[in-house]
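Residue numbers (the numbering used here), protein chains in the order written: chain A, 1432 to 1738; chain B, 140 to 429.
By construction, these hints were calculated from the structure, which means they are not laboratory data.
If you want a taste of the chain A side facing chain B, the calculated C-beta under 7 angstroms gives, among others:
id, residue
1, F1456
2, P1490
3, R1491
4, S1497
5, I1503
6, P1650
7, P1705
Distance windows between CB atoms, simulated:
id, chain 1, residue 1, chain 2, residue 2, range
8, B, R154, A, D1713, 36 to 46 angstroms
9, B, S301, A, G1509, 45 to 55 angstroms
10, A, R1717, B, D230, 21 to 31 angstroms
11, A, G1509, B, E418, 18 to 28 angstroms
12, B, T285, A, R1636, 24 to 34 angstroms
13, B, D230, A, A1512, 37 to 47 angstroms
14, A, E1566, B, A272, 50 to 60 angstroms
15, A, R1658, B, E396, 40 to 50 angstroms
16, B, S141, A, A1522, 18 to 28 angstroms
17, A, G1634, B, D230, 26 to 36 angstroms
18, A, A1463, B, E396, 27 to 37 angstroms
19, A, G1669, B, R201, 56 to 66 angstroms
Predicted, not measured: the structure shown is a model, and the values here were computed from it.
Using N, Cα and C, we set each Cβ at its ideal position, and we do this for glycine too.
The residues making up each chain are set out below.
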Amino acid sequence: MTVDLSVDLCGVRLRTPVLAASGCFGFGREMAGWVDLAALGGIVTKSVSLEPRRGRPTPRMAETPSGMLNAIGLQNPGVEAFCAGDLKFLAGAGATVVASLVGRTPGEFGRLAERLDGEPGVALVEVNLSCPNVEHRGEVFATDPAAAAEVVQAVKRATSTPVLAKLTADVTDLVAVARAVVDAGADGLTLINTLLGMAVDTGRRRPRLAAVTGGLSGPAIRPVAVRCVWQVAQALPGVPIVGTGGVVTGEDAAEFLLVGATAVAVGTGSFINPRAVVEVADGLERYLADQGAGSPAELPALFKAER
Amino acid sequence: MSPVRELCEVLERRRVGEYQALTLAAPRVAEGARPGQFVHLLAGEDRSFPLRRPFSIWRVERPGAGPGAVEVVFDVVGAGTRALARLRPHDVVDALGPLGRPFDPPEAPAGCLLIGGGYGAAPLFFLAAELRARGCRVDLVTGAATAARLLDPTEAGRLGSSLTVTTDDGSAGRRGLVTDPLPELLAGTGAERVYACGPMPMLAAVSRVAAVAGVACQVAVEEQMACGTGICFSCVLPVGPGGGSGGLEPSPPENRETRMARSCLEGPVFDGAAIAWAELGYPELEELVR
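The shape of chain A in the complex, shown without the other chains (with noise of 0.2 angstroms):
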């Protein structure tokens, strides 16, 4: 049977359900040599501040089993050379814009919902809520529900754009920080960012990043990622949900798909192989011929729930 991979997120059609999650295809333009930028489902960018990051300093990264650590720091250009280069790059190649904000209060996220309101190629927003590297912990919205909705609120106001809430595991009630962004006027959810964690150099005595701490991803976590996906599509049904943590492969897409999410984005495994959104793509379109399912949004109907 014929397959068609497309999906609708939020009133938006995507070309497939799998998307390059932030902060792992830089700004999309490094990757043009490697992919047709117009043919992915869409580029979630790094997240974009208003004025410029330089990020933390090195070790920015650690090797750990099935993933790795990442102490980035959020470097980015600012809001202003995003649109004058890369935000006009991608639009000129027809990619499917997912612009990643990051501010330090609400009312930053605000300023910069409303500065990329009406850009051409942002078709959706997606608010970072949960980056753990961070100066404070108070950035880190998504660890209280009231400071979540806040934000999201504010970037509401500010813009026409669909939005993408992003929220961390790093809770005890993922549900009810969910529950408080959908309240306050968020159009999706992006489940889940990098768990936060730390990794000793034992020969040398001293953490392995420079910041002491960073952010786990890669298969590591995928299943805290589904386990995520699942527990909130149960809670809030009909809220679209984009998975993501550790989606290597077509199989790791579907896992995603089958207990509620709309669409997946892949992260750490771009890193690995350039031209992983793609193939997770194309194993998800067998996956889905070999399960009899003519589209992604089939699936949820063919999880069967009890064991």
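Using the hints, position chain B against chain A.
Coordinates of chain B only, in the frame set by chain A:
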């Protein structure tokens, strides 16, 4: 040329002194590779999701008589290099390459001094061949902790007009650092270009000596790296506003801001005078250039 992903057959793996060398059939990488560029390697099918490991290209055999091959050399220091050291002929390695900015050869034939530390000297072998093909005089300096950690000294001796060797323990060549003989070699050979690859303290010292002598200098850095393609922002280092100029002109005082450059895209070859050495803990060069 733009980099490609190539599944490469292992042609040979051998010991070179204390190091391991790996030759891969890689026609597309070998076709366009330039000295200073690197390949980003992943050994075999592994369910545990290892990251790639970057290696400077040591030797290239352009497609023609054979299929085209690249050779890299490495030290076994951890899990990634241990996996590569277990490879045997006919095994498959997943390679990205050629990646990064290569060394810029001089436009007209000129004297060039090449300085390498340990197996970091690898890209200089490739560079020396290209420089000589362009009619440049090449003089080489290699250094290591001990004689067994000098990269292929026999071959190194054939690469240029002269080879100067230093070891920390005096087990080969002069006892001391690879940078010790540089001032006299620069004066003696009249070199107009310096090219170096090795650990950061060495590159800082080489850049300083070249700056004092007023000789243009390019260095290939070895930063820890995840993607190799510019998307992860792990391999950054601070560069000054004059980055890429190759000149030693001091920056205007109103524009002294540095920025974090990705060594996989803007490097691994940088102009020695462009790196903000002070931020990396090597203040002398900044003082001199200012």
